[in-house]
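Which chain is which? The protein sequence lines are A and B, in order. Residue numbering for the first sequence follows my numbering, beginning at 464 and increasing consecutively. Residue numbering for the second sequence follows my numbering, beginning at 464 and increasing consecutively.
Careful: at least some of the hints might be erroneous.
Short, incomplete list of chain A residues facing chain B, as computed with Cβ under 8 Å [to be verified]:
| # | residue |
| --- | --- |
| 1 | ASP475 |
| 2 | GLY489 |
| 3 | SER630 |
| 4 | SER652 |
| 5 | GLN653 |
| 6 | LYS656 |
| 7 | ALA690 |
Derived from the structure by calculation, the hints contain no laboratory data. Here a beta-carbon is modelled for each residue, glycine too, at the ideal position from N, C-alpha and C.
Next come the chains, spelled out residue by residue.
There are 2 protein chains.
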Amino acid sequence: MISMKRRGETRDKLIEAGLQLMLAKGYTNTGIQEIVNQAGVPKGSFYHYFDSKESFALAIIDSFDRNHLLKIRRHLSSDQALTQGNTKTQPQALSQALPQALTQALSQELPQEAICDRDDNKSACCSTASERALDRLLAYFRSVAQEKGDCPSKSGCLIGTLSQEMSGQSELLRARLAQALDGWRAEFSQCLKLAQAEGDVRRDLCPIELSEIVLSGWEGAILRSKATNSPAPLHSFIELLPRLLQIS
Amino acid sequence: MISMKRRGETRDKLIEAGLQLMLAKGYTNTGIQEIVNQAGVPKGSFYHYFDSKESFALAIIDSFDRNHLLKIRRHLSSDQALTQGNTKTQPQALSQALPQALTQALSQELPQEAICDRDDNKSACCSTASERALDRLLAYFRSVAQEKGDCPSKSGCLIGTLSQEMSGQSELLRARLAQALDGWRAEFSQCLKLAQAEGDVRRDLCPIELSEIVLSGWEGAILRSKATNSPAPLHSFIELLPRLLQIS
């Protein structure tokens, strides 16, 4: 039992180290030796768990997407059980509130610290869900901006970074990255639909189309934030978005 | 004289080959040997013109930005002299219509084919400038979407691609990439201001702020277009943008 747990820990350590390195430097710039060094495990461990660097990157994307989707849903849900961020003490509330795909994902073993997606300040940013869907969407964006801090040139979005670098290099990774982005877009779409019903977003535009431009705008703001090494493009997006979505 | 011209041609060939390779594969994935092979020049030529791969990338960004800024201005200008795309026969009209910085850039030797930024179809997309600023902005986006074709996973935007990959790796490149993006944003801002005056864009939002979200939205749409290997995110952006900018 301990042995199985340790094996899981080694895999988690490799994924965590690879995620940090690929987020900062991209796929090609990240070497396997560097990953095992940062994870503090022998090089043989890497090939015990992963056939190739590509399958390792796929596991990183899986892990990141699963955790980030959970973060989005925690933020966008009006259900207090979700917004507390405690997935261990309220499994019933969770399984009732979450769609089947996410419930299945949660049933897999996740490193507890990964669930919060490095959102150490979660109690400040989403412990109390706003009653209004648009406010919850903006709170999610603020939370991501807060994580990136004041010098975001070395962070960015893992999915956006790998999409730029790897879409033309690996069909396997490209398809998984597209799936991740579309999953996030679908969450935004649901939230925007609620915001329309609450009268905070203009109703003459389809929430699916709106979610497309919101996701594009956010990924582009993260890209510009890297290039300017400043959080200003993120804050500008968060500031303008509600005014653009409302009727003037 | 011939010798100087040939030297310029070799440098142009290296830049053109490097641009194509970095657009498809990024900075790290592109080797110097591969660049000289594609350019059809001896390896020594590379180091005759460039101290390092980083200074070579800077020259590529300079060239791409200069040409792309010219493309943007050709599209966004209502001046017919500019929209003909013929910079050789109308120098006076150009120097009157273009700000000083661009006129200076044009005075430098540019490979003629590069001026059009691979926009072979320029006569179809911008030979007649629309009278309305918003239509001109949308025509520019349509022209870029057209260049990328139906399978855009291997193209994207050079400035966006390198911003994602290199912002955390090279302060020199990061600063130049940020400058390029801000130059494009400033053009969008001017155009949006005109569109407001013409009544096609809501006037309750500042054109500078609007240009931020338009540029972010477009760069994000290109990123999603790479990930999905489909032009759909670009078309979705072009379709929704005017409706979002107008009063409902």
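Here's how the hints hold up against the structure:
no.: 1; hint: ASP475; verdict: violated (24 Å)
no.: 2; hint: GLY489; verdict: holds (5 Å)
no.: 3; hint: SER630; verdict: holds (4 Å)
no.: 4; hint: SER652; verdict: violated (12 Å)
no.: 5; hint: GLN653; verdict: violated (18 Å)
no.: 6; hint: LYS656; verdict: violated (16 Å)
no.: 7; hint: ALA690; verdict: holds (4 Å)
In summary, the structure is inconsistent with hints 1, 4, 5, 6 from the numbered list given earlier, while agreeing with the others.
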